[in-house]
Amino acid sequence: IKLEPEFEKKFSFNSGVFVTLNKTGGLRGCIGFPLPVKKLSRAIVDGAIAAATEDPRFSPVTIKELGDIVFEVTVLTQPIEIDVSDPAEYLSKIKVGRDGLIISHSFYSGLLLPQVPGEYGWNEEEFLQHTCLKAGLVKDFWKSGEAKIEKFEGIVFKEEIPNGKVVRESNGS
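Residues 353 to 525 in this note's numbering are what the sequence shown lists, from first letter to last.
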């Protein structure tokens, strides 16, 4: 897909990004790039296409569905490793509504965006547990001291309705 020159110029810096598709309140696809490996303009387009066609949890979005889908773009800061001497410290080093998490160990890795715990009403411990589960680890693996845990922030832009006005969401920080 050829990008509009103005769009390409405005978003010419590298950034991590996730594109989320929601249909009548439910998730319909979500794909992204946690690290700033490509220009934001290209990452948004590639993420949107991948969220619609490559999310393994869903069948590809049909053209007929597009009019019912709300697009959400989360622009990410660079992830930073959370340094702790005791895993219990993680609870005070993350903030629900502001931080997203990446938990990794060996070849396991899971990421949850900053807005996810707020959508489910999770506290910091539940956020850590669900990120472990997303990585394919047991829910309390974050307590083991063997996990690498990184946090990042995100700026969320979302359509108010399908094909509607795009607004910046509050991040709760």
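Hints are computed from structural coordinates only; laboratory data are not their basis. Errors might be hidden in some of the hints.
[Said to hold, decoys possible] Pair by pair, the computed Cβ-Cβ distance ranges are:
1. 496 to 414: 29 to 35 Å
2. 359 to 417: 19 to 25 Å
3. 430 to 522: 32 to 38 Å
4. 365 to 417: 16 to 22 Å
5. 359 to 441: 31 to 37 Å
6. 406 to 475: 30 to 36 Å
7. 477 to 387: 45 to 51 Å
8. 358 to 513: 32 to 38 Å
[To be verified] Computed cross-link-like contacts, DSSO-like style, restricted to lysine-lysine with a CA-CA straight-line distance of at most 30 Å:
9. 510 to 447
10. 361 to 495
11. 486 to 362
Beta carbons: idealized from backbone N, C-alpha and C, even for Gly.
Going down the list of hints, with the structure as the test:
{"no.": "1", "hint": "496 to 414: 29 to 35 Å", "verdict": "violated, 43 Å"}
{"no.": "2", "hint": "359 to 417: 19 to 25 Å", "verdict": "holds, 24 Å"}
{"no.": "3", "hint": "430 to 522: 32 to 38 Å", "verdict": "violated, 22 Å"}
{"no.": "4", "hint": "365 to 417: 16 to 22 Å", "verdict": "violated, 32 Å"}
{"no.": "5", "hint": "359 to 441: 31 to 37 Å", "verdict": "violated, 42 Å"}
{"no.": "6", "hint": "406 to 475: 30 to 36 Å", "verdict": "holds, 32 Å"}
{"no.": "7", "hint": "477 to 387: 45 to 51 Å", "verdict": "violated, 26 Å"}
{"no.": "8", "hint": "358 to 513: 32 to 38 Å", "verdict": "violated, 25 Å"}
{"no.": "9", "hint": "510 to 447", "verdict": "holds, 22 Å"}
{"no.": "10", "hint": "361 to 495", "verdict": "violated, 44 Å"}
{"no.": "11", "hint": "486 to 362", "verdict": "violated, 33 Å"}
The structure fails to meet hints 1, 3, 4, 5, 7, 8, 10, 11 from the earlier list, while all remaining hints are met.
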